[in-house]
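These protein sequence lines are chains A and B, in that order.
What the first sequence shows, in my numbering, is residues 1 to 325, in sequence order.
What the second sequence shows, in my numbering, is residues 1 to 325, in sequence order.
What the hints contain is simulated information worked out from the structure, not anything from laboratory work.
For clarity, every value in this text was computed on a predicted model and none was experimentally measured.
The beta-carbon is built from N, C-alpha and C at its ideal position, and this holds for glycine as well.
Treat the hints with care, since some could be wrong.
What the hints assert, rightly or not - Here are some of the chain B residues that sit facing chain A, going by a computed Cβ distance under 7 Å: (1) F4; (2) G185; (3) F206.
As the list claims (entries may be wrong) - List time: in silico SDA-like cross-link candidates among lysine to any residue, alpha-carbon distance up to 25 Å: (4) B:K46 x B:Q137; (5) A:K195 x B:N98; (6) B:K31 x A:L101; (7) B:K46 x B:E14; (8) A:K195 x B:P106.
Protein chains: 2
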Amino acid sequence: MGEFEAIVSEKAKEAQARILPFLLAEEGVQKTVFSAMRYAVGSGGKRIRPILMREAFLLFTEETKGSVRADMLHAFMAALEMIHTSSLIHDDLPEMDNDDLRRGRPTCHKVYGEAMALLAGDGLLNLAFETTAQAMQRAAESMAADGNIWDMRTQVSDADPMMLRKVAQANKILAEKAGTKGMLGGQVADVEGEKKPELTMENILFIHEKKTAALLQAALMIGGCLGGASPDEVERLERAGYDIGLAFQIRDDILDVIGDQETFGKPIGSDAKNEKNTYVSLIGVEKAEEEVIRLSDEAKAELAALPGNHDFLENLIDWMTVRVK
Amino acid sequence: MGEFEAIVSEKAKEAQARILPFLLAEEGVQKTVFSAMRYAVGSGGKRIRPILMREAFLLFTEETKGSVRADMLHAFMAALEMIHTSSLIHDDLPEMDNDDLRRGRPTCHKVYGEAMALLAGDGLLNLAFETTAQAMQRAAESMAADGNIWDMRTQVSDADPMMLRKVAQANKILAEKAGTKGMLGGQVADVEGEKKPELTMENILFIHEKKTAALLQAALMIGGCLGGASPDEVERLERAGYDIGLAFQIRDDILDVIGDQETFGKPIGSDAKNEKNTYVSLIGVEKAEEEVIRLSDEAKAELAALPGNHDFLENLIDWMTVRVK
Numbered sequence: 001m002g003e004f005e006a007i008v009s010e011k012a013k014e015a016q017a018r019i020l021p022f023l024l025a026e027e028g029v030q031k032t033v034f035s036a037m038r039y040a041v042g043s044g045g046k047r048i049r050p051i052l053m054r055e056a057f058l059l060f061t062e063e064t065k066g067s068v069r070a071d072m073l074h075a076f077m078a079a080l081e082m083i084h085t086s087s088l089i090h091d092d093l094p095e096m097d098n099d100d101l102r103r104g105r106p107t108c109h110k111v112y113g114e115a116m117a118l119l120a121g122d123g124l125l126n127l128a129f130e131t132t133a134q135a136m137q138r139a140a141e142s143m144a145a146d147g148n149i150w151d152m153r154t155q156v157s158d159a160d161p162m163m164l165r166k167v168a169q170a171n172k173i174l175a176e177k178a179g180t181k182g183m184l185g186g187q188v189a190d191v192e193g194e195k196k197p198e199l200t201m202e203n204i205l206f207i208h209e210k211k212t213a214a215l216l217q218a219a220l221m222i223g224g225c226l227g228g229a230s231p232d233e234v235e236r237l238e239r240a241g242y243d244i245g246l247a248f249q250i251r252d253d254i255l256d257v258i259g260d261q262e263t264f265g266k267p268i269g270s271d272a273k274n275e276k277n278t279y280v281s282l283i284g285v286e287k288a289e290e291e292v293i294r295l296s297d298e299a300k301a302e303l304a305a306l307p308g309n310h311d312f313l314e315n316l317i318d319w320m321t322v323r324v325k
Numbered sequence: 001m002g003e004f005e006a007i008v009s010e011k012a013k014e015a016q017a018r019i020l021p022f023l024l025a026e027e028g029v030q031k032t033v034f035s036a037m038r039y040a041v042g043s044g045g046k047r048i049r050p051i052l053m054r055e056a057f058l059l060f061t062e063e064t065k066g067s068v069r070a071d072m073l074h075a076f077m078a079a080l081e082m083i084h085t086s087s088l089i090h091d092d093l094p095e096m097d098n099d100d101l102r103r104g105r106p107t108c109h110k111v112y113g114e115a116m117a118l119l120a121g122d123g124l125l126n127l128a129f130e131t132t133a134q135a136m137q138r139a140a141e142s143m144a145a146d147g148n149i150w151d152m153r154t155q156v157s158d159a160d161p162m163m164l165r166k167v168a169q170a171n172k173i174l175a176e177k178a179g180t181k182g183m184l185g186g187q188v189a190d191v192e193g194e195k196k197p198e199l200t201m202e203n204i205l206f207i208h209e210k211k212t213a214a215l216l217q218a219a220l221m222i223g224g225c226l227g228g229a230s231p232d233e234v235e236r237l238e239r240a241g242y243d244i245g246l247a248f249q250i251r252d253d254i255l256d257v258i259g260d261q262e263t264f265g266k267p268i269g270s271d272a273k274n275e276k277n278t279y280v281s282l283i284g285v286e287k288a289e290e291e292v293i294r295l296s297d298e299a300k301a302e303l304a305a306l307p308g309n310h311d312f313l314e315n316l317i318d319w320m321t322v323r324v325k
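Given these sequences and hints, build the entire structure.
Here's what the structure looks like:
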C-alpha cells in the first residue's frame, strides 16, 4: 500500500466510524433487513463520497466535536453513503447487472436473497432521507431555545441562524443529485443503452455524468454548503465534482481495457462482455488518458479558487484518477 | 356507484390534480422512467392517503390557494402517494409477489420491464423526498424576506414563523413511517413470513400495522402537523391511523374469503394460494367483523376529540372498512 493510499484508508476508517452509528441495530422483526443493509454498507468501500464531503466542509470551517454543524455533516456523510450503497445493491440484482460479487464478497442478494436485497436497497434509500430529516429536526430544535418559538435572538446553542437553511439546501442537493435527474437517471440511461447496438459519445458522457459524477458532486457541494460556502463556491464544487467524476469513470474504462482482475477487484472486460462500447473504445486509450489529465487539472483549478488547504483534495483527485496501484 | 363513493371519487380527482404537477415531464434521455413512474402513479387508485392528509389538514386550517401552507400540503400529498406507489411497483416484482395485474392493468414491470420498474420504484421513492426537500427550501426562502437573513421580523409572506419547523417535522414523520421501522419493515416481515409454515397473530398484526397502517398514520399526522395540530393532536391522529389501517386490512382479509373477484379487482384467495394464513383464518369471519367495527369506532372517537368538522372523515372510515359495494 502506497503512502497516500494509507492516508486515504485512514480517512475511510474515520468516515466509517461517523457513518455506522446511523445504521439500525440488528434486532426486532426486521433484523434481517437491518443486517442486509449493514452488510452492504460495511463492505469495505473506499468511502470516497463521505471523504470528499468532509474535506469540502473542512475548506470552509472546522469540524468542532459536538457542534450542530459537525452533527449535520456526519448525518449527510452517512446519508450519501447509504444512497450510494442502495444503488449498488439494486444495480447488482438479476434484472440489472446480475452480479454475484462486489468488492470481492458475495453481493447482497446472493447472501440475503433477491426480495430482501430489493428491500435493503429501498431501506437504505429511505434511511438516507430519514437520517437527514432527523438531523434537520435536531437543527430546528437547537435553534429554538424554549422549544416553542422560532426566535434567533434566544438561541442558546452554537447554531448559526443560517444553519437550517443550509441544511434544507443540502437536503435538496442530495435528493436532486441522487434522483432520476441525477444518479438514478444515469442508471436509466445505462439500462436503455444495453438495448442499443451501440452508444454514442453523448450517451456515454450522459451515463458517466449522472451515474458517477452526480453523487461526487453532491458530496462536494453538500460539504461546502454545510461548511458555509457561498452559492458561487457551491457551483465551483459542482463543476469540480463533474470533472472528478468523469475523469474517474474514464480511468475506470481504461482500466477495464488494460488492468487486470487482481489489482482492480472486479471481472475485467465485464463491459465488453455485455457488448457495450465505452469512452475508451470510441477514442482510444491514449486520448482517453489525455482527457483524464485535462479533467483532473480542471478540477484542481476549481479547488485552487476556494479557501482552505487543498493539498489532500488535490492528492485525492490524482489518486482517484490514476488508480493503478 | 354509491353517493359517498361518488364524493370520494371527486376528492380523488382533486388530489390527483394536486399530485400530478410534481411528477416529471416525459422527456429527455430518462423519459422511459418518467413514463413508468407516471404510469404507476396514474393507475387510478383511490388516493386514500392524500385524501386523508388533506382532510386532517382541513380540521385545523384552511387550504388557502397560493399560500405557503397549501403549497406544503400539496407537496406532501404528492410525496406520500409517490412512496406508496413506489412500494407497489417493487411489491409486484417477480422477486416479491410476482403480480401481473394491479388495479386491472398490467403491472409496471409487465409494461416497462423489470429493470425499468425497479428504477421507477427507486425514482419515485427518491422523488418523494426531492419533492419535500424542494418544498422545505421554498418554505425557508419565503421566510427570509431579503433572501439573506433568517429573520422572522422581516417576513413578508403568509408564512407562519413556525412553518419550517412543522415542515421539518412532517418530513421526519414521512421518512420514519415509510422506512424499515414503518412500511418497509412491514414488507420485510411479510417476506420473512412467506418462509414460515404459519404466522402467529403477533406476526400478522405487525405486518398489518407496518405495511398498511404506517402510511395512513403518516397521512393523518402530516396533514395535522402542517395544519397546525399540537403534539397531542398529532399523537391522536397517529392512533386513529393505526385503527383505520388495521380495520382496513382486516376487512381486506375478510373480502379475500367472502368477496368475489369482480367487486374487488384482484384475484381472490391470492393469500391462500401462497399458503399464508390471515387474521381471518386465525379468528374467523365473525370475530374479525367485530374487530373491524371496534377499530372503526375507536378511530372515530379519536377524531371526535379534534377540532373542525369530522363528518367526511367519519364517513370515509366507514367506507374504507366496509368496502363491499
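Now the hints, each set against the structure:
{"no.": "1", "hint": "F4", "verdict": "34 Å, violated"}
{"no.": "2", "hint": "G185", "verdict": "4 Å, holds"}
{"no.": "3", "hint": "F206", "verdict": "6 Å, holds"}
{"no.": "4", "hint": "B:K46 x B:Q137", "verdict": "30 Å, violated"}
{"no.": "5", "hint": "A:K195 x B:N98", "verdict": "24 Å, holds"}
{"no.": "6", "hint": "B:K31 x A:L101", "verdict": "31 Å, violated"}
{"no.": "7", "hint": "B:K46 x B:E14", "verdict": "11 Å, holds"}
{"no.": "8", "hint": "A:K195 x B:P106", "verdict": "22 Å, holds"}
Figure legend: structure checked against the earlier numbered hints; hints not met, in rising order: 1, 4 and 6.
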